[in-house]
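Going down the list, the sequences are from chains W, X and H.
Each number in our numbering comes from the position in the first sequence (counting from 1) with 30 added on.
Each number in our numbering comes from the position in the second sequence (counting from 1) with 30 added on.
Each number in our numbering comes from the position in the third sequence (counting from 1) with 30 added on.
Treat the hints loosely; a few may be bogus.
Chain copies aren't distinguished; within one or between two, either way the pair holds.
Claimed, not checked - Here are the simulated lysine-lysine pairs, DSS-like style, with alpha carbons at most 30 Å apart:
id: 1; residue 1: LYS396; residue 2: LYS471
id: 2; residue 1: LYS345; residue 2: LYS453
id: 3; residue 1: LYS117; residue 2: LYS471
id: 4; residue 1: LYS345; residue 2: LYS394
id: 5; residue 1: LYS345; residue 2: LYS471
id: 6; residue 1: LYS345; residue 2: LYS117
id: 7; residue 1: LYS471; residue 2: LYS268
id: 8; residue 1: LYS117; residue 2: LYS394
id: 9; residue 1: LYS471; residue 2: LYS343
id: 10; residue 1: LYS343; residue 2: LYS453
id: 11; residue 1: LYS453; residue 2: LYS117
FYI, nobody ran anything at the bench for these hints, they're computed from the structure.
None of these values were measured; they are calculated from a predicted model.
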Amino acid sequence: MLPVQVRLAMSVIPTNWEKGMSSLVRGTMRGLALAPLAALGALGASAQDASQVSAYVDNSYLFLIGGLIVMFMAAGFCMLEAGLVRKKNAAMQSMKNVALFSVAGLMFWLVGYNMAYPGSTFLSGWFGIPAFIWSPSDSLDTGYASASDWFFQMVFVATAASIVSGTVAERVKLWPFLIFTAVLTAFIYPIVASWEWGGGALDTHFGFSDFAGSTLVHSTGGWAALVGAIIIGPRAGKFVGGQVHPMPGSNIPLAALGTFILWFGWFGFNGASQLAAGTFDDINAVAQIFANTNMAACGGVLAAMILTAVLYKGKVDATMAFNGAIGGLVSITAEPLAPSMGLSVLIGAIGGILVVVTVPLLDKLKIDDVVGAIPAHLVCGIWGTMIVPLSNGDASFFGQLVGVIATGVFVSIASAIIWMILKVTMGVRPSDEEELAGMDKTEVGLEAYPEFG
Amino acid sequence: MLPVQVRLAMSVIPTNWEKGMSSLVRGTMRGLALAPLAALGALGASAQDASQVSAYVDNSYLFLIGGLIVMFMAAGFCMLEAGLVRKKNAAMQSMKNVALFSVAGLMFWLVGYNMAYPGSTFLSGWFGIPAFIWSPSDSLDTGYASASDWFFQMVFVATAASIVSGTVAERVKLWPFLIFTAVLTAFIYPIVASWEWGGGALDTHFGFSDFAGSTLVHSTGGWAALVGAIIIGPRAGKFVGGQVHPMPGSNIPLAALGTFILWFGWFGFNGASQLAAGTFDDINAVAQIFANTNMAACGGVLAAMILTAVLYKGKVDATMAFNGAIGGLVSITAEPLAPSMGLSVLIGAIGGILVVVTVPLLDKLKIDDVVGAIPAHLVCGIWGTMIVPLSNGDASFFGQLVGVIATGVFVSIASAIIWMILKVTMGVRPSDEEELAGMDKTEVGLEAYPEFG
Amino acid sequence: MLPVQVRLAMSVIPTNWEKGMSSLVRGTMRGLALAPLAALGALGASAQDASQVSAYVDNSYLFLIGGLIVMFMAAGFCMLEAGLVRKKNAAMQSMKNVALFSVAGLMFWLVGYNMAYPGSTFLSGWFGIPAFIWSPSDSLDTGYASASDWFFQMVFVATAASIVSGTVAERVKLWPFLIFTAVLTAFIYPIVASWEWGGGALDTHFGFSDFAGSTLVHSTGGWAALVGAIIIGPRAGKFVGGQVHPMPGSNIPLAALGTFILWFGWFGFNGASQLAAGTFDDINAVAQIFANTNMAACGGVLAAMILTAVLYKGKVDATMAFNGAIGGLVSITAEPLAPSMGLSVLIGAIGGILVVVTVPLLDKLKIDDVVGAIPAHLVCGIWGTMIVPLSNGDASFFGQLVGVIATGVFVSIASAIIWMILKVTMGVRPSDEEELAGMDKTEVGLEAYPEFG
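Working from the sequences, and respecting the hints, build out all of it.
This is the structure in structure tokens:
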């Protein structure tokens, strides 16, 4: 990890040189796109300044617009999850999503951002010095408005929290869930992010490559969700007498809306992760990322639909189609730039297949994942990360494996500790009677749909 | 009020100078961001022109993208309100929101815009010369495409109209409501806006400060809603025998969606109200506004949730959480730039608390506000406006108070006159039988959910 | 059709000159906005390069942001259609919309884009040489990132497919529909688009003018929908005993949401079709398009509402208000720039009236259009196209008529052939029992709202 002063000084080095150097990109040596005016260098310092300001504005704008689009994914997760829970838990699930986005914002300001981008790190880059309460500090040399970066990173951490929310729905109490969310967004996710985007161990020692976060965001959320599902246990009545009892979602059109909103948001998630858009090369990259991201989602949807049609006598499970889209999107997130469009379709399609295959597998293991977030975010996150070396020569299978395992081990252990503490101290589940009555009545005090049926 | 020619000439003065001068900003002497190229001034007139064009494009783009994001808030209000009314009025409420956005657009073109930004004013700046039918007129010297400004202002007036719609839901007939909307968007809101953003009395004589419209937009809508609720009266059966009869919303997930859409739209509402984004200072300001806006919403949600949990034996009212977000957002709207992030959390949190406290107070006063718009938009609008001097030294408590009172007095009286005229002439309420049957059947002729329950 | 090399060379010619020359715009000689720096031409080649890069970035950004906004229209169509079908078909309709967007993306990559923008054409420009599998190829001289253009065009083809989906809802099987979608998006739409935007016959020989696709996109979808509705036949029970049996939509608030999302998306659809935003003239044009697009929608809503109130004893059909918005938007799409705002209101209002008049006409003809897509997209598409010469002197009624007829004849015949082949081979309809049970049960295997009513 370089001292801050050196990093700032280096941050004005042109994009390509910096890119060729390492993946020390996000949050540390972000690609400062030299604006068109660079060609006017002969005009001297004033033109150079103008060029820097222009790039600064462009980069900040990209973070703000990209971040805004990703922010809307919170609405997407909310709709997907509200649509896939039963009627008696839909108000709780809706409120929980509003609440978790609020908790994530607060904690990432209080602790998370400074954990993820620490001034210096210990333990060979596996742990940074925690600092508290982030505040903006703007300098032309960083290449972007500091609050635009904070905003862009904050919406990523909220995504990780939303993933957990879906898996453990319908049987976790509100406050324990929000406390877990606070720890996840203040410490667990930021530590993982620091390994790579904060210039830590994965980046420095292993050449790990995860463009927009298949592992760092989606698998992190997925591991936390998996461990939560195991420790909390399945919904009452889900696995009884060796049988799996289907508990169908209450509002499929809302789940479709959620899927489309996530798809929409993913263009910001992957596209703005190029981190610069002001040069010929950067804008071409962003455009390619848009196209590849879309192709992977298309592949995921159609592969999931065709496979379910084959498996289920011609019937196509709509929720599999939706999760196929998400699985395809997660799969391309680790490397949305390098693959061709055809390879993107393939990567996404295998993601869609993994979703269809993993959902019943979880049922067999009696792990109750209400919305299918573990297949879509964890399994596809691993898949997407491991396939990066196929298209990106800078990544190695070994480096990718280290990143996947490190994330899995750390997030699982940390999540297990937190969930266990919550279970032992305040309890994470409602009583069986309360669960049967529904969380809306017992935790929210109103019903999602008081007049429907 | 300066003559038009002087204003145009002044509009090319650099941002900072202009900002230090007065708050004669929006619509009159809009900050013309001198683009990076300004540093090339030595190159002479052609570089100056290029710089002007670049700033012109950037500013217009900000209005169009910002306006588009704010336009989507119309969908947010529609979902929030459709979710919080009863099933029998949900189609009416949905249609009313589509209709009011249409009326607002038409009236702001026919009258409103020219009322808000009159060429000159009378009565010490309290009233401008009304002109009819706005049409675009583009000049490089204004610093932005005229239609981009019209669009951005138009979506603000639609917001004010949406606020009224929510409060008076379930018992006002369609056409009287739309006529009120027409008057509100053609005259009432534009006159209030002219006092500040049109360079009128509040701006010129009192140094009133309201960055994106806590008072000018949200309180204006809130006062009109309050007066409407009083004159129209409560829903049949709401307050009977000294009791408050809860009439729970029919679709809480839709209300959550509406909340998220409004939160999303608020980044355009506050962020684009910086009115320029092409310089180091301006883009830093926009980024800071994004961060502060988000923090205030987070504070509003969590404060409202914690307070309801304390008040209601551990249960958290989902609609309070949603209105807490909106209350926090309204509270920060008067000054989203100057506060620190911590202060933004606090301002938003107090907004959330005000919502929770005011909702039962309205019930005690037998004022029936179906969606809680009066607490969120009026009460928090006043709060947000009055707290501005704490972070922004240019504002005074006296000046803020004058703005709050002037808006309250004028909007209340004007709204009362219009609602009374409508009541006496065409009648504003359906018959009791019609109200009992629901507005969907009597006014729309179809049901929102014909097959649900 | 000019050879590729010539087109590339010409593409660096300034916007105005190019515009005055012909409508050879979209995809061939796209207006390359000379950026502000052009004024610095005296600085020589480096400034010229900087100017080119700046315009390249601006144009690509416009396609990506515009395309993203249009992409979200897929969610709008999904909500509109899911809200207007009956409960038993709402999951199917939701899934079908996710699936068709996926098929459209795949086919437009495999075939469609190269069909629409062929290197050279035969048959006097009526047919291009088909090429397979599009891949990006970026050159500064084209003026935009190739993948940004692909993405922008792809979301347009998805729009055409969504139109068909709504009309033939509730009685067409999943796979035949998706096969039709594949042919529509790979061949039918691209061939039509090639006539105009690919520099084919309509553009070269007839001076046809269709700014953003009233005919090329909306009527194409509308003709395919009309022919599909005729060949597939009405829903069981719709027209029995000479009576029209209403089959009301199951979720009107979702339909309102869909309407607002489409309205939102239309600013990208029309605004970004200016294809450049980096100059004084271009950004003024985009702003004017935003304002006009909005006014047309306002006109459409209010005209439809007033007319239904007159026709139906004071009741206002909410679905007519929604389709009035869409009809107004389609009507202005052929020429959203040239009309004044007042004329835009009028064009949209007549579109709204056409919707109200055409819906019962289709019923009389026993053509079953579930969501009213034929009135809104086909009828208003023709209207909007034919009225172009009123405001745009470059267009002639004859040229417009040729475009309308050519599109109608070709799309109808091609669609009829495909629908007939599907009917004869695999069958397009479920059995009567399956249709009665609902497509959710028979094709999807789950219910949209298992707990509602």
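Status of the hints after comparison with the structure:
no., hint, result
1, LYS396 <-> LYS471, "both (27 Å within a copy, 27 Å between copies)"
2, LYS345 <-> LYS453, "between (40 Å within a copy, 20 Å between copies)"
3, LYS117 <-> LYS471, "both (11 Å within a copy, 19 Å between copies)"
4, LYS345 <-> LYS394, "within (22 Å within a copy, 35 Å between copies)"
5, LYS345 <-> LYS471, "between (35 Å within a copy, 9 Å between copies)"
6, LYS345 <-> LYS117, "both (24 Å within a copy, 18 Å between copies)"
7, LYS471 <-> LYS268, "both (20 Å within a copy, 22 Å between copies)"
8, LYS117 <-> LYS394, "within (25 Å within a copy, 32 Å between copies)"
9, LYS471 <-> LYS343, "between (39 Å within a copy, 13 Å between copies)"
10, LYS343 <-> LYS453, "between (42 Å within a copy, 21 Å between copies)"
11, LYS453 <-> LYS117, "within (26 Å within a copy, 39 Å between copies)"
Hint check: no violations occur; every hint is consistent with the structure.
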